[in-house]
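Once you've looked at the hints, dock chains B and C against the given chain A.
Chains as they are written, first to last, in my numbering: chain A, 277 to 559; chain B, 7 to 464; chain C, 149 to 424.
No lab work stands behind these hints: they were computed from the structure.
Everything hinted at is true.
To spell it out: a stretch of chain A is covered by chain B in this simulated footprint if at least three of its residues, at any positions, have a beta carbon under 8 Å from a beta carbon of chain B; those stretches are:
1. 418-428
2. 508-520
Residues from chain C that face chain A, not an exhaustive set, calculated with beta carbons under 8 Å:
3. R247
4. L261
5. S262
6. M265
7. P274
8. W305
9. N358
10. A379
We treat Cβ as the ideally placed atom computed from N, Cα and C, and that holds for glycine.
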Amino acid sequence: MVKDWRFWFVIPTVLALGTVVAFPTGFLLWMSTAHWVVTEPGVYFNGAQNFQTLFASSAFLSATGVTLAYLTLSTAIMVVLAFAFALALAGPHSSGLLRALMITPLVIPPVVVGFTWRFLLNGEIGFIGAYLLPAIGIEANLLAEPLGALFSIVIADVWSRTPFMFLIFLAALQSIPRDYYEAIRLDGAKRFHEFFLITLPMMKGAISVAILFRVIDALNTFELIYVMTKGGPGRSTQTYSLLGWKTAFQGFDFGAAAALGVVMIVVTTIVALAVFRRFMRGV
Amino acid sequence: MKMTKNGLAAFATAVGLLYSTASPALATTEINVIGFGAGFAWADLFGPSGTEKTQKLLDFESANDVSVNMEFADEDVARQKVLLDLINGTGNYDLVMLGSDGAVQTFSAAGYLEPLDGYLDSAKDIFDASKVYKPFLEANTVNGQLWGLPYYSFGSGVVYRKDIFDKYGITEFPKTTAELEVVLQTIKDGLAADGITDVYPLTMRGAPGEEPSLDLSGFVYAYAGYPAWFEGGPVTPEEIKATKAQPIFNGDFKPGFETFVRWSQDFGPPGIATHTWVDMMNLYAQGKAVVLMPSAINAFAGIPGSEIAAVKEHSKFAPSPTGPSGKAIQSFWTFSVGVSAYSKNKPEAYKTLAFLTSEPVLRGFADAFGWPYTTYPEIMHSPTLTDRWSAEMLGQIEASFSEADPHYFPYIPELVEFMDQIGTGASSAIAGTVTVDEALNELQDWSTDRMTRAGYYK
Amino acid sequence: MARKLGRTLSDDLGRWTLITLALIFVLLPIVWLAIASVKTRNAALAIPPEFIFTPDFSAYARIMSGGFLGAFQNSLIIALSNVVLTLVLGVPAAFALTRMHGKVQENLSFWLLSIRMAPLFAVILPLYVLFKSIGLLDTPIAVSLAHLTLTLPLAIWMLVTYFRSIPVDLDHAARLDGANALQILWLVIIPIARPMLASVAIIVFIFSWNEFLLAFILTSRNAQTVPVAVASLAGTMSFDWPLIAAVSVASMLPALIFVGFAQRHIVSGLGSGAVK
Numbered sequence: 277m278v279k280d281w282r283f284w285f286v287i288p289t290v291l292a293l294g295t296v297v298a299f300p301t302g303f304l305l306w307m308s309t310a311h312w313v314v315t316e317p318g319v320y321f322n323g324a325q326n327f328q329t330l331f332a333s334s335a336f337l338s339a340t341g342v343t344l345a346y347l348t349l350s351t352a353i354m355v356v357l358a359f360a361f362a363l364a365l366a367g368p369h370s371s372g373l374l375r376a377l378m379i380t381p382l383v384i385p386p387v388v389v390g391f392t393w394r395f396l397l398n399g400e401i402g403f404i405g406a407y408l409l410p411a412i413g414i415e416a417n418l419l420a421e422p423l424g425a426l427f428s429i430v431i432a433d434v435w436s437r438t439p440f441m442f443l444i445f446l447a448a449l450q451s452i453p454r455d456y457y458e459a460i461r462l463d464g465a466k467r468f469h470e471f472f473l474i475t476l477p478m479m480k481g482a483i484s485v486a487i488l489f490r491v492i493d494a495l496n497t498f499e500l501i502y503v504m505t506k507g508g509p510g511r512s513t514q515t516y517s518l519l520g521w522k523t524a525f526q527g528f529d530f531g532a533a534a535a536l537g538v539v540m541i542v543v544t545t546i547v548a549l550a551v552f553r554r555f556m557r558g559v
Numbered sequence: 007m008k009m010t011k012n013g014l015a016a017f018a019t020a021v022g023l024l025y026s027t028a029s030p031a032l033a034t035t036e037i038n039v040i041g042f043g044a045g046f047a048w049a050d051l052f053g054p055s056g057t058e059k060t061q062k063l064l065d066f067e068s069a070n071d072v073s074v075n076m077e078f079a080d081e082d083v084a085r086q087k088v089l090l091d092l093i094n095g096t097g098n099y100d101l102v103m104l105g106s107d108g109a110v111q112t113f114s115a116a117g118y119l120e121p122l123d124g125y126l127d128s129a130k131d132i133f134d135a136s137k138v139y140k141p142f143l144e145a146n147t148v149n150g151q152l153w154g155l156p157y158y159s160f161g162s163g164v165v166y167r168k169d170i171f172d173k174y175g176i177t178e179f180p181k182t183t184a185e186l187e188v189v190l191q192t193i194k195d196g197l198a199a200d201g202i203t204d205v206y207p208l209t210m211r212g213a214p215g216e217e218p219s220l221d222l223s224g225f226v227y228a229y230a231g232y233p234a235w236f237e238g239g240p241v242t243p244e245e246i247k248a249t250k251a252q253p254i255f256n257g258d259f260k261p262g263f264e265t266f267v268r269w270s271q272d273f274g275p276p277g278i279a280t281h282t283w284v285d286m287m288n289l290y291a292q293g294k295a296v297v298l299m300p301s302a303i304n305a306f307a308g309i310p311g312s313e314i315a316a317v318k319e320h321s322k323f324a325p326s327p328t329g330p331s332g333k334a335i336q337s338f339w340t341f342s343v344g345v346s347a348y349s350k351n352k353p354e355a356y357k358t359l360a361f362l363t364s365e366p367v368l369r370g371f372a373d374a375f376g377w378p379y380t381t382y383p384e385i386m387h388s389p390t391l392t393d394r395w396s397a398e399m400l401g402q403i404e405a406s407f408s409e410a411d412p413h414y415f416p417y418i419p420e421l422v423e424f425m426d427q428i429g430t431g432a433s434s435a436i437a438g439t440v441t442v443d444e445a446l447n448e449l450q451d452w453s454t455d456r457m458t459r460a461g462y463y464k
Numbered sequence: 149m150a151r152k153l154g155r156t157l158s159d160d161l162g163r164w165t166l167i168t169l170a171l172i173f174v175l176l177p178i179v180w181l182a183i184a185s186v187k188t189r190n191a192a193l194a195i196p197p198e199f200i201f202t203p204d205f206s207a208y209a210r211i212m213s214g215g216f217l218g219a220f221q222n223s224l225i226i227a228l229s230n231v232v233l234t235l236v237l238g239v240p241a242a243f244a245l246t247r248m249h250g251k252v253q254e255n256l257s258f259w260l261l262s263i264r265m266a267p268l269f270a271v272i273l274p275l276y277v278l279f280k281s282i283g284l285l286d287t288p289i290a291v292s293l294a295h296l297t298l299t300l301p302l303a304i305w306m307l308v309t310y311f312r313s314i315p316v317d318l319d320h321a322a323r324l325d326g327a328n329a330l331q332i333l334w335l336v337i338i339p340i341a342r343p344m345l346a347s348v349a350i351i352v353f354i355f356s357w358n359e360f361l362l363a364f365i366l367t368s369r370n371a372q373t374v375p376v377a378v379a380s381l382a383g384t385m386s387f388d389w390p391l392i393a394a395v396s397v398a399s400m401l402p403a404l405i406f407v408g409f410a411q412r413h414i415v416s417g418l419g420s421g422a423v424k
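In isolation and in its complexed conformation, chain A is listed as follows (with noise of 0.2 Å):
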């Protein structure tokens, strides 16, 4: 093996990634399984407790909602809207400027870009909540209300992220050689067939990529909704990073945010597997 190039290039990877890595996982795979209060004094081995109280606690169910009905909503969104724009902009002649224009909201942190979309939102000083849509008839404070904030996050985190996955599909698509397009273009067919013949299943492996990596994010966003909402009104944009967040530094109790976190790690692993073995087999 050794005498392999492969073996080589692939080494330095997994040794900076492994080193950084080993520790952690073990650390949480522990903290997971121990009572560890900080108002309490003494750390010890309590099994699966922490895993019970989890799954007995409504945050937690409250949070499974929240999550599931973010990540979908938000996530077939951006696909949808990525790749309309990929599609656009891919074009020989489409210009540099307006892809970069494209891309700025992923250049503006996600604190900023919460914080800007709370203010525009705002039913009483923002932009867009003050100003535009009541005048458009829209008398709404997002924000306060539940499904209003779960809206708001929404769109926030579509806004700020979108651009990233326009810019993978985007590279996708110019990777589809010409010929290809112009082969069954000979043959007679329309831009529809184009589309469904040639582009769609070539993009397969980048749409794949696109969405696990999504969906990895979307469970790890946190500052955008925290400033945003704090996870309100209530628990309506409660996430599972948020209760996660919560649990440990202001409820103390990093047993059972470990605890949270392992379950995190263990959902996406099948979800991810599951993606993986259907679609990736080739990639």
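Just chains B and C now, kept in the frame of chain A:
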């Protein structure tokens, strides 16, 4: 290849240069502080950006051979860092910012703070405990020990728009909550009759988390007549354990909670369930609210920068109204700083702490912001404030904290979580996602479980 | 280049409508931020907004006088190092992965993916402990390394998807000319893959530049980054909206410059695809 060898070399040199200039310089005893509010807290020491060192600070540093390294961060998120530092006993921070509504109680119980009683004499020339209002120190005293010194602090009160009150025929601010409710309704009807849709009778804070809890607890106190969290109203862990006092969130806690929620819904702006103190302040400053309570300081924070003439000219202060029990609605808080138990330079850390809460520094705060709240009676009666605010107002405000009892809620280690749960429950109730009873029942269940797990009822 | 056969006016119209709408959506908040950064505090939040006003650049002056320059420097170092590290480690790894088959390849690919699955709030504590124990807390290197765990897997996955489309015949041809693996990579693969590398570089830079949680936890005074600096202003004490807006606008600039520089390499419409 686009990148030539020279290009690569230049690039590498540039990165290398960047790296070398990024390394820090060394100094004498380094005291590391973490806090929030850059440009606001200690602006007279760290400048408007929070990253400079003014002459005032430099003088202190050279006189005492220390170098004060200040790190500002967002309040909630700073808590993470502080916690990580304290849990690991890293001792990265010598001084940590606390609040008297949870952090002081929780961190002292966890053993992360250094008791300050023994140090008070060591820097008496810088900070003299006898020269500040007693309640501010009491708010930082848990189990008879002092854990933090107060920076800016406040008591309860109401700020309202006299011009709007006059317009609807209300000549003086109501003294009881019952009267206030009538007044709020009158104003609401009046505004509606006049077709004014963007001004609201009341502005309070209802964001989820611990945000509303300080004020809400004040309502509870006024309606029940005592800190109605546990049976009999105990406020220390020992008292709770002595009588095995169970939580009473669906008992005497209810009237105050219910009123807070109802007033928010009926008299507050639509978005009140998401409002933090900043939103509350902004609303008032923009002239869109008539009454701000019970943490009046937030109105004073907004008035100077307001561009609405009426807000600046017609805002008046009134003492907090009393509830059915005869006790006034409370609101009391200090922004305090404590010494980490893991600090490697405790005496110097304390000295720095004394400096940060000393009279000249608090005076700098008063000069910069002019809020009629300070920890030193001396400053309260000095021209900085007496020139700006009427004697009557200053007197009333002074009474709101010099005679307050900070213990209107229990001082227990689990306080941070309680504040968070209570506030979130209130926020949900205001938003209408749950009813008041549902919120309180959930609170009751949660707290019973929490207290049991913490071993109070063994 | 010749127009595609069969393109009609309505196609173009549709395309341009989409682009316009997209641009409005994308740019509205940014333009609003930029405008807010040159208004006074109250004007910035006033409704209805003043569309005509005299700009007030004091917020930017406040940036210059503050320690934000240090944060910019740190962010730049971290982001650039991250790009370099990610490319240096990731390109060979991705290439090798696409030339592998079977269980090893699958497991390796999946392992890389799994690294990103750990939620940050759960690993913050162990990461803090780890870096503290090797004495790297509050250094740019710590943040770069931590970021690597998030950017490297992503970069490799993106590159793998792309490298797959480069046929193995190219490798064989090069080998017949006597090239070894390194030479194939450097002389054949990388030139072809430039657009993709540029995309990856952009994404990695931006990601690293914007990352908050890890940068916040692993740094305090010396290695503070721009998002952390912004957050320190924009927390519960968010008085000064113009200042926050100004810092945000200013913080966009280096990233935008980098994007502008790199995106030239995303050559528009590789006429003949990857192969020729």
